[in-house]
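Chemist: Below are the chains, spelled out letter by letter.
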Amino acid sequence: MIEKTIIKSALLVAGIALGMQAQAEPSAEMLSYTCAGCHGTNGASTGNAIPSIAGLSSTYLVESMNAYKSDERASTIMGRIAKGYTEEQFESMGSFFAEQEVNKNTSQSFDAAKAKAGQALHEKYCDKCHTEAGTVADDDAGQLSGNAKLFLKYSLTDFHDGSRPQDKKMSKKMRKLFKRNKDAFELVVDYYASGKK
Amino acid sequence: MSKQNRRSFLKTLGLGATVATAATYTPFAIGGSSKKVVIVGGGMGGAVAAKYIKMMDKSVDVTLIEANKDYYTGFTSNLVVSGERSLDEIKFGYDGLRGHGINVVIDKVINIDAQAKSVKTAGGKTFNYDRCIVAPGIDFRYDRINGYSEEVANTKITHAWKAGPQTVMLRDQIQSMRKGGTVIISAPPNPFRCPPGPYERTAQIAHYLKHNNPTAKILVLDDKEKFSKFGLFMGGWKKHYGYGTDNSMIEWVKGSAGGKIESVDVAGMKLSGEVDDYKGDVINIIPAQKAGHIAHVAGLTNDSGWCPIEGKTFESTIHKNIHVIGDAAIQSPLPKSGYAANSEGKVCAAAIVALLNGDKVPDPSYVNTCYSVIAPGDGISVAMVYAYKGGKIVKVEGSGGLTPDKFDAKFRAREEQNGYSWFDNITNDTFG
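Chains as they are written, first to last, in our numbering: chain A, 1 to 197; chain B, 1 to 432.
Bound conformation, chain B alone (with noise of 0.2 Å):
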């Protein structure tokens, strides 16, 4: 930036004590010179903050690099397993991103460097950035259960957790069962993408199975003593697939119940625990979790495997100028949801378009908003609004909350239907 145009943005911002101000957040980064955005991975937040930032300042050089030319939603993926939705209708291309202005590149990163500030990819291109946006969404601890790989997952056991063509495996699976068989579930430890997901999961298939083969079971061996929406999803599963009785449809057990897995016998389609051995028709394993690859690669993860950010603008507390959004992050209290990767995305697009322009970051808002179908007719929800306060992402008090634990019909049908909405909206609002 030459002096003439610093003293000009200088003299725009009028008094001497707001000059000093700006000048305190980014004295170095004052507008005019490169204003390029390396974006890593079009998941949910990566592509919503793509599209906000072009929303927010044309000026600024939008890159996104994604490994896959769809994008299949993780939400609404159960309802696939279930049958009640097809494939196609949970795929996103990124043809509305190009559409305003992005560049969006299809291969897969590499290599991010903080300090040459580039991204490096398998078709030997790279990238220089001023600002990088990481958001690789996650990656499985396949080693945390003995006997189980990537190659298995794909081919047999699936995860499905990654929305997909193990999607329609499982659900193949699940068609084609015997009559009378046993689906079993393996839910993860926490924490983990989608904490409703596995439940959901649960009730879709019980859903498909009590009008398709209804003397079949299921099993859920959860890793946890309690989970997301648990007096919902109990209340659900005993209201449609009679839980807690004689005949239920599902059994769910605990980690201390010898829920915790340790092993899986491939060709047997059997796992094991501390205690028991359980034999299954169809074995589905959503194993524990940790930040997407490239995260690891780049160096942006700690002990936990997740990486560390500062929550105002997701700046990684170990490398600066890049930014982790998404279930990548150690967000919480937010989860790690679509919707929060969407706010998320947002807070961080603002954040970035700012320190580019030399602007002050802005004060973060943050929302949550998450539904569940039980069943046809019954949709269950939680949201949360979250706020910036002393360095920190806090709920406000008050606010959110589940879905009333009382069953009430009028209710249920219309937060299913609002679930149909809130997704035909936030595809819209991150592909659209």
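Chain A on its own, in the form it takes in the complex (with noise of 0.2 Å):
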């Protein structure tokens, strides 16, 4: 009797097991492979107006996801693929890219001389919060030097214009960049396309 009853309760466990396990959550790697088409394999985008998300910090890219999902934050795309996933599988692929290495995409064109204008204002009004040419995931930022050129530029454009929300901090920091110089975006792009440091 009492070892029809341990049968009994091993074979529950196991149901349980075997029940959790149909309904369970498809793993990090499963979900984070369905990005790589368009962001490249593990995150690493040879592209220059899709972004890296490898060696993002999960927070950064959390963050980014419930935004896209919410409308929050304007997309032309990602807003539609956000919908698709429930904030745990946001952690899920956050902890997965988390684990990649930063991508530096160093075949993109810039030039020189504007690359070292707009390092020097990088350094004076983005290097605080954006640390090593923001490329540290420390700093749960996106990631500057060494990221599609393209998506720099519109970045910029939408915390310009007002499409893609940013704290007082930026955006104070933002206008006294302008100010300083009317060109600036174009500089600073040209400063991260060169994936200097």
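Please keep in mind that the hints were generated in silico from the structure rather than gathered at the bench.
Don't take each hint at face value.
Stated by the list, open to error - In silico BS3-like links for lysine-lysine, alpha-carbon gap of 27 Å or less:
no., chain 1, residue 1, chain 2, residue 2
1, A, K83, B, K392
2, A, K114, A, K124
3, A, K83, B, K312
4, A, K182, A, K169
5, A, K128, A, K173
6, A, K124, A, K104
7, B, K410, A, K149
8, B, K179, A, K83
9, B, K125, B, K156
10, A, K153, B, K406
11, B, K279, B, K210
12, B, K406, A, K83
13, A, K114, A, K83
14, A, K83, B, K410
15, A, K197, A, K173
16, B, K360, B, K58
17, A, K153, B, K410
18, B, K58, B, K36
19, B, K360, A, K104
20, A, K173, B, K239
21, B, K410, A, K182
22, B, K239, B, K224
23, B, K239, A, K172
24, A, K83, A, K128
25, A, K149, B, K395
Take the two lone chains and join them into the complex the hints point to.
Modeler: As structure tokens, this is what we get:
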């Protein structure tokens, strides 16, 4: 009798395990591999408009995906795709991409003189939050240096016209940057496209 | 696998309950023994599956057999037709895959023996497998249009629906067409590879003609009543090529209005439908389609001409241990697109690695993303996220959809550029 009960409960546990597995979430890898067609293998983009997401902090990636999902952050296609996932799935993907090495696309064209001027502007206005030219995950911000050039241009444009929200500190710095040099966006983008730190 | 190995394997799983679960799935395929995968076809699905199996488990022996030494992408080939891209820009070789330790064999598969678990090639070689992936893409139903054949397609009236020499032939025919001539495109019935493709092709040819032969016309004879990204293409044709006006460069004839084509007069350059005959200076026939030839030879197709599969593993429901991915599979609601093939390749790769190692088959997740370019500066897209529920592939409610209908220049320009990056990344993800 006692033996039977043990077997029964073992079966019950097995049954629960089975049931749980049937409803299990796709793994972090499974979810993240679906991103690679657009963002490159393991999130390392070789294109100049779609950004790399390899090596981003999990916090930043989850925050970005939530903002896309709620349309708080404007996008062409990311919002439509973000609506297909849960917060837990974003966290799963966030942990996967955080483990990848930051990718630097160094094959993009840039003007060396403009990149130099851009570096000076970056160091004065941006470096405090985007350290090491925006390549450090701990900053919980998007990758700047070595990221897709057009994406960086689109992002600056969107921050500027308000279609992408930014905090007060950043908006103040951006205004100052733009006041200092009306071509500032072009200059910093060339700096980031150079892939230098 | 020796007893001891199996025991230590079970031990690592810990709880007895978990052991019972694992055993339920694949009692006899647990690790250790041979792990041989043979992939038939090195297109978007087959190539990415090969790469990802190696990424997930280096110990799997992967052989990819492909008939051609280079692959030309179907996507972006319409931009070769319009002269916006060169054929070389859509050409990819297999050195990248060889670099991942995949045995790439350039040969033609002539038979797959599901019982013996072996694949035979025209070159006289036999490859044994534990799991086989069949990714042959599409084949054409030439017999649906009287007078049409592979020979005609290769020499005079292209389909150009597998990119390569015919893509260039179609481009050259359009470029050398007389002033004010007519290009006819015959669009196929569902289901077919790349649902928005014929309509992007129409737009791309219109773009070329607008600038080089502005009095020329394009007549699209469609088997269907509607098509993918319908509103967006109609809007794009209208915006750029005067669609719907007296001066429209494009005329679209739906199936019920006489768009269904029954025969072709090759010498007379004439298409005949149920009611009308249409004469063209350049004719492009995109025929009805079915799964690639080897899928039929191997008995993987059903009456529809496509391959039924189980959506979690892409294993054939006809033959065990053979998986079918990409356009050849009945993978609906996933479309027959390059991105879907990429997604299916990864789900299938993960399932095969798990099955070979005696692990639980992971829960899948799939995505489709597809871009079309209507004109320079005007790109559009469709996207969708899919999940596996109740034994079926299903769309995730609330996700995906089309580019908004209302034209927004900034938005469209970004979509075009994202489309080009999409091309760079998906080809690198597959062949790099």
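Chemist: Between K83/A and K410/B, does the CA-CA distance stay at or below 27 Å?
Modeler: Holds - the C-alpha atoms of K410/B and K83/A are around 23 Å apart, at most 27 Å.
Chemist: Verify the proposed pairing of K360/B with K104/A, using a straight-line Cα cut of 27 Å.
Modeler: Outside the cut-off at roughly 36 Å; violated.
Chemist: Please work out if K114/A and K124/A have their alpha carbons no farther apart than 27 Å.
Modeler: holds (15 Å)
Chemist: Take a quick look at whether K279/B and K210/B sit within 27 Å of each other, Cα to Cα.
Modeler: Judged against 27 Å, a Cα distance of about 21 Å means the pair holds.
Chemist: Just to be careful, I want the Cα atoms of K124/A and K104/A compared with a cutoff of 27 Å; is the pair within it?
Modeler: holds (23 Å)
Chemist: Is the hinted pair K197/A and K173/A satisfied, with a Cα-Cα distance of at most 27 Å?
Modeler: holds (20 Å)
Chemist: Given the proposed pairing of K179/B with K83/A, does the C-alpha separation stay at or below 27 Å?
Modeler: Violated - the C-alpha atoms of K83/A and K179/B are around 49 Å apart, more than 27 Å.
Chemist: Need the status of pair K410/B, K182/A: alpha-carbon distance at most 27 Å?
Modeler: OK: K410/B and K182/A at ~21 Å, within 27 Å.
Chemist: What's the verdict on K125/B and K156/B, does the C-alpha distance respect the 27 Å limit or exceed it?
Modeler: violated (35 Å)
Chemist: Would the pair K153/A and K406/B pass a check requiring their Cα atoms to be no farther apart than 27 Å?
Modeler: Satisfied, since the Cα-Cα distance of roughly 24 Å is no more than 27 Å.
Chemist: Assess, step by step, whether the Cα of K406/B is no farther than 27 Å from the Cα of K83/A, and give holds or violated.
Modeler: The given pair, whose Cα atoms are some 21 Å apart, holds under the 27 Å limit.
Chemist: K239/B and K172/A were given as a pair; does the straight-line alpha-carbon distance stay at or below 27 Å?
Modeler: violated (40 Å)
Hint check: violations occur at hints 8, 9, 13, 19, 20, 23, 24 and 25; the rest are consistent with the structure.
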